[in-house]
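Visitor: Okay, here's what each chain looks like letter by letter:
There are 2 protein chains.
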Amino acid sequence: MSMSECRLPAMAREDPEAKGAITAPAGFRAAAVAAGIKPEGADLALLVADRTCAAAAVFTTNRAQAAPVVVSREHLASGRARAVVVNAGCANAATGEEGVADAREMAVVTAQAVGCLPPEVVVASTGVIGTRLPMKELRSGIARAADRLSREAGAEAARAILTTDTRPKEAQVRFSLGGETLTVGAMAKGAGMIAPRMATLLAFFTTDAAIEPGLLRRALRDAVGASLNRVTVDGDTSTNDMAVVLASGARARPVQTEGADYDGFREALSEAARRIAGLIVRDGEGATRMAEVRVEGAREEAEADRVARTVADSPLVKTALHGGDPNWGRILAAVGRSGVAVDIDRVDLFLGDVWVAESGQARGYDETAARRAMLEDPVRILVRLNQGRAAGWIWTCDFSHGYVDINAHYRS
Amino acid sequence: MSMSECRLPAMAREDPEAKGAITAPAGFRAAAVAAGIKPEGADLALLVADRTCAAAAVFTTNRAQAAPVVVSREHLASGRARAVVVNAGCANAATGEEGVADAREMAVVTAQAVGCLPPEVVVASTGVIGTRLPMKELRSGIARAADRLSREAGAEAARAILTTDTRPKEAQVRFSLGGETLTVGAMAKGAGMIAPRMATLLAFFTTDAAIEPGLLRRALRDAVGASLNRVTVDGDTSTNDMAVVLASGARARPVQTEGADYDGFREALSEAARRIAGLIVRDGEGATRMAEVRVEGAREEAEADRVARTVADSPLVKTALHGGDPNWGRILAAVGRSGVAVDIDRVDLFLGDVWVAESGQARGYDETAARRAMLEDPVRILVRLNQGRAAGWIWTCDFSHGYVDINAHYRS
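These protein sequence lines are chains A and B, in that order. With this note's numbering as the guide, the letters of the first sequence map in order to residues 1 to 412. With this note's numbering as the guide, the letters of the second sequence map in order to residues 413 to 824.
Worth flagging that the hints you see were computed from the coordinates, not collected in a lab. Being a predicted model, the structure only gives us computed values, none of them experimental. Yeah, the Cβ is synthetic: ideal placement off N, Cα and C, and Gly gets one too. Incorrect hints may appear among the rest.
Reference listing, derived: stretches of chain A covered by chain B, where coverage requires no fewer than 3 residues with Cβ under 8 Å from a Cβ of chain B [as the list claims (entries may be wrong)]:
1) 360-369
2) 376-383
Which chain B residues stay away from chain A? Per the calculated CB distances, all over 12 Å, these [as the list claims (entries may be wrong)]:
3) Gly508
4) Glu510
5) Pro531
6) Arg556
7) Ala662
8) Lys730
9) Thr731
10) Gly741
11) Arg742
12) Gly764
13) Val768
14) Arg775
15) Arg784
16) Arg792
17) Tyr815
18) His821
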């Protein structure tokens with residue numbers, strides 16, 4: 001993106017009006033049950049469209065791909081889907097051919113329960129890696145969920161897919177098309193193993209728009225590139241991530257070509273994805289403070305992104321963020337080790353509105369103002385490389401005792 | 413390295429006999445004083461050779477290079493040095509031309525105090541980035557240190573260069589050359605901002621061997637490549653790092669060419685560097701548990717290293733290590749996101765002697781044995797890629813509350 005395009009979106013907060021968003025667009029029902037995969041609580045969500053939808057997805061780029069990723073990629077090649085089944089508590093990753101067979105069975109059982117074909121089912125799993133799915137519990141859970149599908153269960157579904165998340169993540173965006181008001185709904189999970197390399201979490205979007213799978217795929221890629229791919233909690237990319245969108249076509253004229261209709265839909269989908277991205281970084285494991293890292297003046301966008309990600313993933317920057325310490329020296333050190341051929345003598349750093357370093361060196365600045373900048377939400381870190389016109393940004397959160405606690409004993 | 417060469421050295425522990433090692437080789441004296449750069453305690457170390465030494469160094473590859481790195485690189489271009497002056501408490505980094513002038517003055521003052529030429533002085537600084545050196549305190553401190561030089565002050569010098577380190581890091585290795593017993597002495601600091609990209613800390617080596625600067629440089633590069641470049645605490649490469657070796661030539665026939673003499677010297681220097689590397693990872697900020705990550709069966713060494721470093725720097729692996737949790741799924745996920753074209757279906761994982769994953773998937777193993785493997789010191793993580801014959805390794809430590817505490821308020 002050019003510098004002028006580098007206006008960061010606001011980092012979304014929880015929106016009470018988004019509750020149950022995933023079933024807000026016409027044509028979708030959902031259900032959640034406690035299938036017994038996790039020791040307690042709801043752990044299985046089902047999302048079913050009234051008729052077959054146009055569908056698109058992006059998947060993790062981790063070379064270790066979980067069984068549900070393998071199966072859902074296969075199923076979504078057709079660009080059509082009818083149902084999404086998601087379990088928490090077990091990732092069905094590193095489970096080999098048996099795991100793939102389990103994921104296929106999950107699709108078959110769901111298809112039978114809701115009355116569609118197995119390839120029309122998207123399967124997703126999240127939880128511990130290396131454990132087989134408890135198929136008996138899963139089969140019975142899917143059957144029970146299918147009996148309870150309703151337009152009111154969107155919020156329950158959003159809760160059932162969580163793992164270490166402390167809050168459900170939902171977003172709802174309305175837009176106009178051909179005189180009608182349409183909706184994009186979204187639900188997601190993700191708090192750890194979050195890093196910006198394609199879809200880095202589970203995120204599900206629904207819409208009542210009618211759109212061809214090819215265009216839908218393009219809109220999803222655009223939306224994810226400027227949202228979900230711009231959050232990092234720990235730099236660890238998961239084996240199970242996917243972002244899926246289903247368009248029911250229930251309520252409007254088709255969005256079939258580029259132009260104002262497509263632009264309106266893409267912007268609505270992007271806005272929903274940005275809100276989800278904000279909610280994810282806000283609920284980062286142990287997170288107590290958020291930051292946006294903006295890099296301007298790079299020679300090319302990829303370099304701007306690389307610098308931004310190096311700063312955002314630096315344990316030293318993240319712990320300084322935790323302490324509210326305007327320790328810009330660590331930011332400069334991260335810029336210098338990013339692997340990008342930065343001319344460090346031209347680098348300017350800002351914390352909020354405080355210009356703390358100029359031309360790669362300390363600058364007389366008001367320490368009190370810099371400390372105040374560390375209390376903003378999010379903290380705004382700006383790196384100006386002054387070597388070109390490209391820019392990039394990323395959202396991150398701090399490293400806290402909470403992150404250590406959550407992850408030292410997650411399996412136990 | 414080939415697989416057969418991938419025998420990891422033991423991770424050194426503190427060696428009481430190494431106390432004062434930096435002045436153990438003939439021809440060196442040292443001193444330490446409290447110059448008032450840090451709020452309290454010794455913060456200035458001086459190391460002086462009786463006569464001009466052959467000298468070599470490697471420096472940080474961070475593009476943000478501190479003033480002492482700039483000046484010492486210039487001075488060491490001659491391959492000769494007489495004195496090393498080191499301060500803690502202020503990194504003299506991101507201080508611009510004034511900082512470089514300060515570093516030059518530090519060399520001039522030292523040269524005057526010990527009776528050599530300024531280009532024969534190596535200057536090093538460690539501490540907070542972005543703050544100017546307090547030159548008045550430094551000048552008086554150097555003068556006082558020069559008055560107190562002795563062969564007994566090696567241990568005091570090793571203490572004076574520390575920052576967040578909890579223990580001094582010293583090593584002493586004896587070797588035979590031409591019928592004489594010679595010595596390599598070493599002292600180092602480093603606990604945070606430690607990542608394996610060239611010299612990632614301050615490390616000083618002395619020897620009484622006689623060796624030409626060119627050969628000395630080669631021996632140092634070899635030694636550092638297989639030791640200091642194989643430790644990581646947080647993946648953050650510092651702006652100030654350097655490893656310097658001074659050879660006084662005080663006591664033996666010259667090591668002038670390749671052959672048994674050179675090999676013996678290089679091995680002694682390497683052993684000293686390995687011990688220092690072990691001590692650094694053991695004193696990693698907040699570290700409570702150590703690990704070696706070995707990667708075998710890669711197509712090339714660079715790929716093995718990249719996989720090993722991705723695993724070693726993964727916050728999820730490091731927090732599992734903290735909890736003693738044999739969470740091998742996170743190791744597999746880190747292998748998969750390393751950027752190397754790994755065929756994940758061929759990957760085997762071992763924790764200690766327990767084979768936990770085979771061909772990229774869970775394997776029946778004894779959970780109790782796996783938990784026991786997490787109590788070893790260091791924990792041995794082995795990744796077999798089964799795609800070639802190259803191997804690599806790295807040492808790391810866990811992520812704990814201590815790391816967060818130390819770094820949330822380091823500047824304050």
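Visitor: Within the region 360-369 of chain A, is the number of residues with a Cβ closer than 8 Å to a Cβ of chain B three or more?
Guide: holds (count 3)
Visitor: According to the definition I'm using, a residue is off the interface if its beta carbon is farther than 12 Å from all beta carbons of the partner; does Arg742 of chain B meet that for chain A?
Guide: Arg742 of chain B is in fact no farther than 12 Å from some Cβ atom of chain A, at 7 Å.
Visitor: Quick one: work out the minimum CB distance from Arg784 of chain B to chain A and report holds if it exceeds 12 Å, violated otherwise.
Guide: holds, 15 Å
Visitor: Please verify that the nearest CB of chain A lies beyond 12 Å from Gly741 of chain B's CB.
Guide: Since the minimum Cβ distance to chain A is about 2 Å, Gly741 of chain B lies within 12 Å and the statement is violated.
Visitor: When you look at the beta carbon of His821 of chain B, is every beta carbon of chain A farther off than 12 Å?
Guide: violated, 5 Å
Visitor: Since Arg792 of chain B was said not to touch the interface, does its Cβ keep a gap of more than 12 Å from each Cβ of chain A?
Guide: Holds, since 19 Å exceeds 12 Å.
Visitor: Would you say Lys730 of chain B is clear of chain A, with no C-beta pair closer than or equal to 12 Å?
Guide: violated, 9 Å
Visitor: So is Arg775 of chain B really clear of chain A, every C-beta pair being over 12 Å apart?
Guide: Not fine: 9 Å to the nearest Cβ puts Arg775 of chain B too close to chain A.
Visitor: Against chain A, does Gly508 of chain B hold up as non-interface, every C-beta pair farther apart than 12 Å?
Guide: violated, 4 Å
Visitor: Say whether it holds or is violated: Pro531 of chain B keeps its Cβ farther than 12 Å from all Cβ of chain A.
Guide: holds, 24 Å
Visitor: Should the label of Tyr815 of chain B as a non-interface residue stand, given a Cβ cut-off of 12 Å to chain A?
Guide: About 7 Å separates Tyr815 of chain B from the closest Cβ of chain A, which leaves it inside 12 Å; violated.
Visitor: Are there at least three residues in the region 376-383 of chain A whose beta carbon sits under 8 Å from a beta carbon of chain B?
Guide: violated (count 0)
Going down the numbered hints, you'll see the structure goes against 2, 3, 4, 8, 9, 10, 11, 13, 14, 17 and 18, while the others check out.
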